[in-house]
Amino acid sequence: AQSVTQLDSQVPVFEEAPVELRCNYSSSVSVYLFWYVQYPNQGLQLLLKYLSGSTLVKGINGFEAEFNKSQTSFHLRKPSVHISDTAEYFCAVSDRNTDKLIFGTGTRLQVFP
Amino acid sequence: DAEITQSPRHKITETGRQVTLACHQTWNHNNMFWYRQDLGHGLRLIHYSYGVQDTNKGEVSDGYSVSRSNTEDLPLTLESAASSQTSVYFCASSEPDNYNEQFFGPGTRLTVL
Numbered sequence: 001a002q003s004v005t006q007l008d009s010q011v012p013v014f015e016e017a018p019v020e021l022r023c024n025y026s027s028s029v030s031v032y033l034f035w036y037v038q039y040p041n042q043g044l045q046l047l048l049k050y051l052s053g054s055t056l057v058k059g060i061n062g063f064e065a066e067f068n069k070s071q072t073s074f075h076l077r078k079p080s081v082h083i084s085d086t087a088e089y090f091c092a093v094s095d096r097n098t099d100k101l102i103f104g105t106g107t108r109l110q111v112f113p
Numbered sequence: 001d002a003e004i005t006q007s008p009r010h011k012i013t014e015t016g017r018q019v020t021l022a023c024h025q026t027w028n029h030n031n032m033f034w035y036r037q038d039l040g041h042g043l044r045l046i047h048y049s050y051g052v053q054d055t056n057k058g059e060v061s062d063g064y065s066v067s068r069s070n071t072e073d074l075p076l077t078l079e080s081a082a083s084s085q086t087s088v089y090f091c092a093s094s095e096p097d098n099y100n101e102q103f104f105g106p107g108t109r110l111t112v113l
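Protein chains in written order, with our numbering: chain A, 1 to 113; chain B, 1 to 113.
Please keep in mind that the hints were generated in silico from the structure rather than gathered at the bench.
Some clues are possibly wrong.
Unchecked claim - Taking lysine-lysine pairs in the BS3-like style, the calculated list, with each CA pair at most 27 Å apart, reads:
#1 A/K49 / B/K57
#2 A/K69 / A/K49
#3 A/K100 / B/K57
#4 A/K58 / A/K100
#5 A/K100 / A/K69
#6 B/K11 / B/K57
When you get a sec, could you build the whole thing from the sequences and use the hints?
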C-alpha cells in the first residue's frame, strides 16, 4: 500500500529565508507526486506535480520540488519565502493504476517578519 | 470559469440528526471525491465516484453515504451524525487520464454537538 510521510508538522521561518518541506513516500509502483497548498479557510490548490521526466519540478509562487527515486522523496523548496506563503502544505502520491490520491498529514509553514 | 462549490460552508447540527453536504462541479469531470480533514490526519478519503451511478468506499466510510445521479453532483450524507464526525469536509474532482490531478472545493466545516 502507498503512504506519504511529512516529517515536519510545523516549520517556522523568517521572511526572505529559504525553506524546505520534506516529503517521503512508499510505493511499489511508479507514481505521480503532488504538492498542494491550503491557505486559511480555503480549499487545496495545486502547487506543482511530478509526472515523469525531469526530476526538478517548478510550480507556482516560486516553489520547486525535486523527485528522488532512490530516496523516495519529493521535498518542496523555496529560496526566499514571503509572509504570504504562510499556509498548510500537503504532499500527495498516486500510482498510475488508480485515480486516488494519498495525502500526508501536512506541514504548517509559518513565516515571521 | 469551471469550479467546485460546496454548501453549506458551515453547519452545526445535533447528534443523531441526518445531514447532507452538497458538492457541485462544473468541470464536467467523471471522478469525484469526498475527504475529511482532521488535525494530525491530513485528508482522508471517505467515498469516491468514477461516474454516474458509481460509488465506492474510501478508508473512513463508516457512517457516511453518497449517491451519484448526474455528473455534476456528489452529495455526502451523514446518516446519524456523531461528535466524531465534527470535521472539515472537502469535495474534489478529477478527469480520468489527467494524471490524477484533483481540483478542490472550498470546504464545509461541520460541527456535531
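Under the constraints set out in the numbered hints, which ones does this structure not fulfil? none
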